[in-house]
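Protein chains in written order, with this note's numbering: chain D, 1 to 311; chain S, 1 to 311; chain X, 1 to 311; chain H, 1 to 311; chain G, 1 to 311; chain R, 1 to 311.
No wet-lab data here; the hints were simulated from the structure. Errors might be hidden in some of the hints.
[To be verified] Taking lysine-lysine and the BS3-like style, the derived pairs with C-alpha atoms no more than 25 Å apart in a straight line are: (1) K136(H) with K75(H); (2) K82(G) with K28(D); (3) K32(X) with K75(S); (4) K194(H) with K218(R); (5) K194(X) with K138(X); (6) K200(G) with K75(H); (7) K101(G) with K112(G); (8) K75(H) with K102(H); (9) K194(R) with K82(G); (10) K102(R) with K218(H); (11) K101(H) with K113(H); (12) K310(H) with K214(G); (13) K160(D) with K28(R); (14) K28(H) with K32(S); (15) K82(D) with K28(G); (16) K138(X) with K214(D); (17) K218(R) with K214(G); (18) K75(S) with K136(S); (19) K101(X) with K194(X); (20) K101(S) with K112(G); (21) K136(H) with K179(H); (22) K3(D) with K82(D); (23) K194(G) with K218(G); (24) K160(X) with K214(X); (25) K194(R) with K28(X); (26) K214(H) with K194(R); (27) K101(X) with K138(X); (28) K179(X) with K82(X); (29) K310(G) with K214(R); (30) K3(S) with K32(H); (31) K75(H) with K112(G).
[Said to hold, decoys possible] Stretches of chain D that chain R covers, calculated by requiring three or more beta carbons in the stretch to come under 8 Å of a beta carbon on chain R: (32) 105-118; (33) 127-135; (34) 138-152.
From the three backbone atoms N, C-alpha and C, an ideal C-beta is built for every residue, glycine too.
Number of protein chains: 6
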Amino acid sequence: MNKYRPIEGMTVPRFADIATFFRLPIEKDPEKVDIGIIGVPWDAGTTNRAGARHGPREVRNASSLVRLYHPVSLKSPYDVKKVADLGDCPVNPADLQDTLKKIQIYYENIVKKNTLPISIGGDHLVSLPILRALGKNKPLAMFLFDSHTDTWDTYFGGFKYTHGTPFRRAIEENLIDPKKIVMLGIRGALYDPKDLDWAKEQGITIITIDEYQKMGLKETTQMINNIIGDSETYLTFDIDGIDPTFAPGTGTPEVGGFTVRESQNILRELNSINFIGADLVEVSPPFDLNNQTSLIAANIAFEILCLISKV
Amino acid sequence: MNKYRPIEGMTVPRFADIATFFRLPIEKDPEKVDIGIIGVPWDAGTTNRAGARHGPREVRNASSLVRLYHPVSLKSPYDVKKVADLGDCPVNPADLQDTLKKIQIYYENIVKKNTLPISIGGDHLVSLPILRALGKNKPLAMFLFDSHTDTWDTYFGGFKYTHGTPFRRAIEENLIDPKKIVMLGIRGALYDPKDLDWAKEQGITIITIDEYQKMGLKETTQMINNIIGDSETYLTFDIDGIDPTFAPGTGTPEVGGFTVRESQNILRELNSINFIGADLVEVSPPFDLNNQTSLIAANIAFEILCLISKV
Amino acid sequence: MNKYRPIEGMTVPRFADIATFFRLPIEKDPEKVDIGIIGVPWDAGTTNRAGARHGPREVRNASSLVRLYHPVSLKSPYDVKKVADLGDCPVNPADLQDTLKKIQIYYENIVKKNTLPISIGGDHLVSLPILRALGKNKPLAMFLFDSHTDTWDTYFGGFKYTHGTPFRRAIEENLIDPKKIVMLGIRGALYDPKDLDWAKEQGITIITIDEYQKMGLKETTQMINNIIGDSETYLTFDIDGIDPTFAPGTGTPEVGGFTVRESQNILRELNSINFIGADLVEVSPPFDLNNQTSLIAANIAFEILCLISKV
Amino acid sequence: MNKYRPIEGMTVPRFADIATFFRLPIEKDPEKVDIGIIGVPWDAGTTNRAGARHGPREVRNASSLVRLYHPVSLKSPYDVKKVADLGDCPVNPADLQDTLKKIQIYYENIVKKNTLPISIGGDHLVSLPILRALGKNKPLAMFLFDSHTDTWDTYFGGFKYTHGTPFRRAIEENLIDPKKIVMLGIRGALYDPKDLDWAKEQGITIITIDEYQKMGLKETTQMINNIIGDSETYLTFDIDGIDPTFAPGTGTPEVGGFTVRESQNILRELNSINFIGADLVEVSPPFDLNNQTSLIAANIAFEILCLISKV
Amino acid sequence: MNKYRPIEGMTVPRFADIATFFRLPIEKDPEKVDIGIIGVPWDAGTTNRAGARHGPREVRNASSLVRLYHPVSLKSPYDVKKVADLGDCPVNPADLQDTLKKIQIYYENIVKKNTLPISIGGDHLVSLPILRALGKNKPLAMFLFDSHTDTWDTYFGGFKYTHGTPFRRAIEENLIDPKKIVMLGIRGALYDPKDLDWAKEQGITIITIDEYQKMGLKETTQMINNIIGDSETYLTFDIDGIDPTFAPGTGTPEVGGFTVRESQNILRELNSINFIGADLVEVSPPFDLNNQTSLIAANIAFEILCLISKV
Amino acid sequence: MNKYRPIEGMTVPRFADIATFFRLPIEKDPEKVDIGIIGVPWDAGTTNRAGARHGPREVRNASSLVRLYHPVSLKSPYDVKKVADLGDCPVNPADLQDTLKKIQIYYENIVKKNTLPISIGGDHLVSLPILRALGKNKPLAMFLFDSHTDTWDTYFGGFKYTHGTPFRRAIEENLIDPKKIVMLGIRGALYDPKDLDWAKEQGITIITIDEYQKMGLKETTQMINNIIGDSETYLTFDIDGIDPTFAPGTGTPEVGGFTVRESQNILRELNSINFIGADLVEVSPPFDLNNQTSLIAANIAFEILCLISKV
């Protein structure tokens, strides 16, 4: 039997033993597994409140509560895939460019081993070096769940690398194909009325929270599925897409967001997309309450794991 | 005038005086009242995070904020029933079987005095000894509001009594009639794809949160009313049926649950059912924030009190 | 260019510098601006949990996160109005009547200078002296967003001035016109089945949360717009109208309230009303979690600023 | 056997049952007991952060953890005195003068019944009406444990009644004898270099925290005992005398205060004083952490109970 | 080079990677190491507030902050011993006797492999089955740092196994030698004036906190060293020996305890004792603040590791 | 009269109005004042837990509670110096070197205007660019209150600028004179037994917490005064020198530190030193409890202000 499965909660209580993602085995060699879950504990791209560096550890902790079978499909990723906790990607909290390189190198190895990565951030800038590894040969389609588009050009007088800029850089570097990008959940007051114009000009489809409210679940997810089609797709889930009352542990909270049920329902409608990698970012434990954001993140990560496992 | 009424908030401020349920008089003799509210401060059946032993005290504290008349019916239970705080049922935190006996004996006396009990837990295992007293002569119908069915067989190598097993035991002991049981709000990943099969085979009606979302309030509550009809019915409300963002103070949080408004609306549609007892369980103050779970519990307990009082 | 604008977050990080409302300039002379945002740090009218005296400071703090352009209209109040932080209104925490006078005098000067005031409370009793200044010459129409009507007569044996009585006093003093008052979101158990009768007899339109659920957004806001028409209108927003899970930092929480998205949607439908002043009250930081209530309040205050600026 | 004893923790677990002071019986008639413990849930005299109105309830809650015998003397007050929880004194949160009267009347009855009162506040202004009852016939000696002398004259332009003024009023009203007053623990920056002059001119002995550090426990308590001698003495313990790291739940925290061990040691050296009443004030649960201030207060109250019981 | 060393914080940031005790390797085979650190996540012996089941995980988390060399000796246990995280001992949260057996069996294997165990609890009852393994052949000397002696006979009507009884049982079972037991830090009100008599009659040396204050560090630790001499000794450190302001995360807080500096100083004076095993118990994360108790526990565990390593 | 004084708390309540340092006027021109208090909201040099970027705002907030006259000297800095809140120094959260430059330029202007700066950080790396401005012409003497020496060479593979390295850089750049540096309070386990060797070789006097315990207050402060003499001296106070139970809001907590009273006493003995600038760093509000660290920081900052004002 596949040894890359979680410890069973009916044998070892959920609060017991060392916390790994979903209580999975630790496996340092990505080649041995189909899907690797990776922590990326780094937040030096954050422009407001830092803390996402502590995200991977607390999501590991909370993920002990997630069981093995999806409650709607009644299927389990662990029945069809070998999945392990690969540990944390190397980072340097004191040097941004050094970290971007370290992350990229780490993921190039993951790609080489044909392992599908699910990354737990870390701030949203970590998506850029991951995409440099995954989208190197051919630009990917992408689904972004977020309250911000993260396509600003520069901050604080010309600085190009922050958690508000990764997808502008990724498009400039041809890692993702703007025509096949959908950004869902965008909201909150703007710096400038033209904040979204650049993204739209590239061909990105932006669905604000207000537009979502008008279209509803079915129409919205139909639109996402249509745009992305069967392309190889990257899924990037910023926890701040969820309302900060539900997910307070994040650096740039925007009130009026998705409920957890809406978020789960949206992801479940995307199960025909060909996801080849994913990240879940911006979980910031210092601002969390009772670890509730980490618990939500762990449950969302399980939905993502099911999507990537196609169960 | 009925002396078994709350102290009025317009005379004594809500933060003042000793905290009893709804600011009701303390009455040790159940015979003197129609409805008794009882604390059951015990959580040794808990498999994950303990703390529900502290539930009764904090629900008492929060219940000071609940006024006397229902906002929709404009009626008050205190105009038609004598209601008191009966104090806490005896328990033994260090011996599970001793506690099951102590609770059963306590409730057998309640039954003998024809007092309708509303119990504030404690973990969900407390429902079992209560049902042993209330369902002794004839199996009851039951409505369970919960995220779990609590019908697992055993835990940790054959152990039969935990807060995950009470209703399996109660059915085996013929205390409740599975054909007249509805379980609403079930959700969360499963240990096994067959987790719900035993319950369904007994004839229990399970309505998952996903099925609720599809059916909506009216269709769901119609189904519950149809199944239960005019049977003598036990109401058991696990606070973890409500979304953990709303009610974080609980031991086994499952994200993506009911909002408080949905919960209130569901209960209000069940006002033709013949409830002869109820419990509200799994409020765990050590994991609560700002006592918000206790405040919700107090408001739900008031809805239940109105249901049992038929106002 | 208009100097009464916020510091830009792309230049000075949001966590930097002294916290003023929306990072606006401090301006002690109301005459210099079109709209003045004013703190009223006082809560001696509170009958349950005090703490709203700390509201203005924490709303200032949280408001640093609000940017300049409305996400739906893509317009900014700062492009059409001069707006400043006028500091705090004088109060006396140790003498209620002295404070009512101090507030009234302060706002009479605001009225004289033709400055439109947005006040951040403070408990709901602060609305009374503000209305004594704004409604002196002609009774105003009023929209109240709240879980309580605040029209009780007296408390604790005849005392007429608490945060539960301001609108009864304001009607008695002919400062507001009951026929043009709408109160939205009323809920929670009552002291007496006749609690709402006096208000209804005066001609006030009360829409409970239950009625809102039945009517929905469009019908409800249509009704509000119809009743108020083009009258000069005061907007008073009690943060406890929002569900306490979203906005826990308040003194008299009533479970089962509006979500933030509902609240935003309601306000946005009222953009044809002629608002000539507004307050946002009952934010109580000692009971807040993670400043989430203050953040919601800051975002609601921005919606109100847009309404008053007509952008 | 004396029925006015706590419920035993070896029978009923400490977290169980309704929270009364030290798990004592509730007794509404003061005549039946030797010592009555009374809540005074009122804080309208507070000039900075309110919240002490919630003190009595949380001290009751925490006091469940205090057992029956003093750890040094190995004696118990319950072996020599009848002690009960008398409930809360009537107050009016909306009218200061009305409350001062209500408290005075309540305590005049206590005095008439020859019951020794231990009062749990509430803010420090509650000492004034209590002293009006206890010191009516003859001015009392007094020991104040506090970080402030609470002898300011007026606040906010002439207002004479706040929690910063009670002992100035009490001396003016001849309720306490300044020559027999010791104030211990005074510290923190001052409004004016002459802040302490008035008190000293009356003959009050002020021992600042710095002076305490120099003199040490023995010399300090010797001085207190010498000054007070065998006079009938009132003990007033402001929880803010203890360092706010230990006791954060208070309205006017002054850093650099006594540890709990120092506080216990000081009280234990005063066991020859003839205390005829006491209060413990300024416990403010909204600013507490983990109820640690309430737990300290409960333990200090037990020391005081032992002092008054002379065990 | 010894591979059983922590990951270096100068290479991998302290917040990164999976949390093990002191960032040590996970090693399931005790034979491979000299000293094994073991979690015992179980608290069913708790009579008041549960939660110590979560202790091992949070102490692991906090221990990332502890570096490698002792600040006074400038030596490191990792230079002289092979040390690893052995994971958690098996437990059964739903059956006390089953757990006592599981723990004993686990430690019998540890003893057989000649590995010195440092156990992180869990409540204090876990010391009993550990001593059943370690003291089987010859009763051990013991140093207890605690606010309670944990030598009560029974609870709740005759129940013999709780966290208040382990050392009574251990003496009855001849696992420890009462003449060579020192209990330090005992304090808090008592159930009965004779609470300590049984222990003293067995020959146990009890040093209360008051006695410690009189004797001081040197005299106290000299006494401990004299009594224990060169016997094989078990060290059991109950975190509630430390003052609950410093270490609030525990189930039975007793105010007025040791500071952390006192605690460190005491342990450092015991470095000539022949410790052959140790536990650190009663860390209860649900009652902790900011993980400060876990951080203290991690630092105390490092002192213990240095004692056992004789560095 | 000097207008650069705090608003008086007897007129405007302490919770009222916009939060500036000590309620001082905001003054953007340093030339107008003798002493300027400056926020430096930046923490990108942090190697463990970030958050000190939020320090200045919360210290401003807490400083409202500090009155005007020193409790021991009975003197006030505001009677002898013009003091103002200069606002925050410019920073760039996304570029470390750019920030070092921005800070240096800002302080060069302060020096040019002969204003004495008291800086509220920010992490400890901010001391470096400040010293580049203050120590440019002649190396300064320095007193460091801290649990770490912050003289490591590099982190994470050669990176030279973090909050663990500022004083190594400052000595290399000849900004401070190692012979006239005293570092007090050093403690905590070490990365390497030689961690302190470099500093000692330069001639720095290091007084560990253990050495302080042995020497006591008088001997320690005598040593500091002797070493520093009458040199122009920089005072740098890392809040983590204080025990983390007292001051939990910091990034690298080391248990077993100074109490607040010890810290105050130490500073008060240094009042003959010629301080020409100071900073207080590492206050990290996301990890604070109840703002207690900010309150301590505000009180320490007042002590520092008195030292620099020579009152």
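Verification of the hints:
{"no.": "1", "hint": "K136(H) with K75(H)", "in the structure": "33 Å, violated"}
{"no.": "2", "hint": "K82(G) with K28(D)", "in the structure": "22 Å, holds"}
{"no.": "3", "hint": "K32(X) with K75(S)", "in the structure": "54 Å, violated"}
{"no.": "4", "hint": "K194(H) with K218(R)", "in the structure": "29 Å, violated"}
{"no.": "5", "hint": "K194(X) with K138(X)", "in the structure": "30 Å, violated"}
{"no.": "6", "hint": "K200(G) with K75(H)", "in the structure": "19 Å, holds"}
{"no.": "7", "hint": "K101(G) with K112(G)", "in the structure": "17 Å, holds"}
{"no.": "8", "hint": "K75(H) with K102(H)", "in the structure": "36 Å, violated"}
{"no.": "9", "hint": "K194(R) with K82(G)", "in the structure": "22 Å, holds"}
{"no.": "10", "hint": "K102(R) with K218(H)", "in the structure": "56 Å, violated"}
{"no.": "11", "hint": "K101(H) with K113(H)", "in the structure": "19 Å, holds"}
{"no.": "12", "hint": "K310(H) with K214(G)", "in the structure": "23 Å, holds"}
{"no.": "13", "hint": "K160(D) with K28(R)", "in the structure": "30 Å, violated"}
{"no.": "14", "hint": "K28(H) with K32(S)", "in the structure": "21 Å, holds"}
{"no.": "15", "hint": "K82(D) with K28(G)", "in the structure": "22 Å, holds"}
{"no.": "16", "hint": "K138(X) with K214(D)", "in the structure": "40 Å, violated"}
{"no.": "17", "hint": "K218(R) with K214(G)", "in the structure": "23 Å, holds"}
{"no.": "18", "hint": "K75(S) with K136(S)", "in the structure": "33 Å, violated"}
{"no.": "19", "hint": "K101(X) with K194(X)", "in the structure": "32 Å, violated"}
{"no.": "20", "hint": "K101(S) with K112(G)", "in the structure": "42 Å, violated"}
{"no.": "21", "hint": "K136(H) with K179(H)", "in the structure": "17 Å, holds"}
{"no.": "22", "hint": "K3(D) with K82(D)", "in the structure": "8 Å, holds"}
{"no.": "23", "hint": "K194(G) with K218(G)", "in the structure": "29 Å, violated"}
{"no.": "24", "hint": "K160(X) with K214(X)", "in the structure": "35 Å, violated"}
{"no.": "25", "hint": "K194(R) with K28(X)", "in the structure": "58 Å, violated"}
{"no.": "26", "hint": "K214(H) with K194(R)", "in the structure": "39 Å, violated"}
{"no.": "27", "hint": "K101(X) with K138(X)", "in the structure": "20 Å, holds"}
{"no.": "28", "hint": "K179(X) with K82(X)", "in the structure": "33 Å, violated"}
{"no.": "29", "hint": "K310(G) with K214(R)", "in the structure": "24 Å, holds"}
{"no.": "30", "hint": "K3(S) with K32(H)", "in the structure": "24 Å, holds"}
{"no.": "31", "hint": "K75(H) with K112(G)", "in the structure": "48 Å, violated"}
{"no.": "32", "hint": "105-118", "in the structure": "violated (count 0)"}
{"no.": "33", "hint": "127-135", "in the structure": "violated (count 0)"}
{"no.": "34", "hint": "138-152", "in the structure": "violated (count 0)"}
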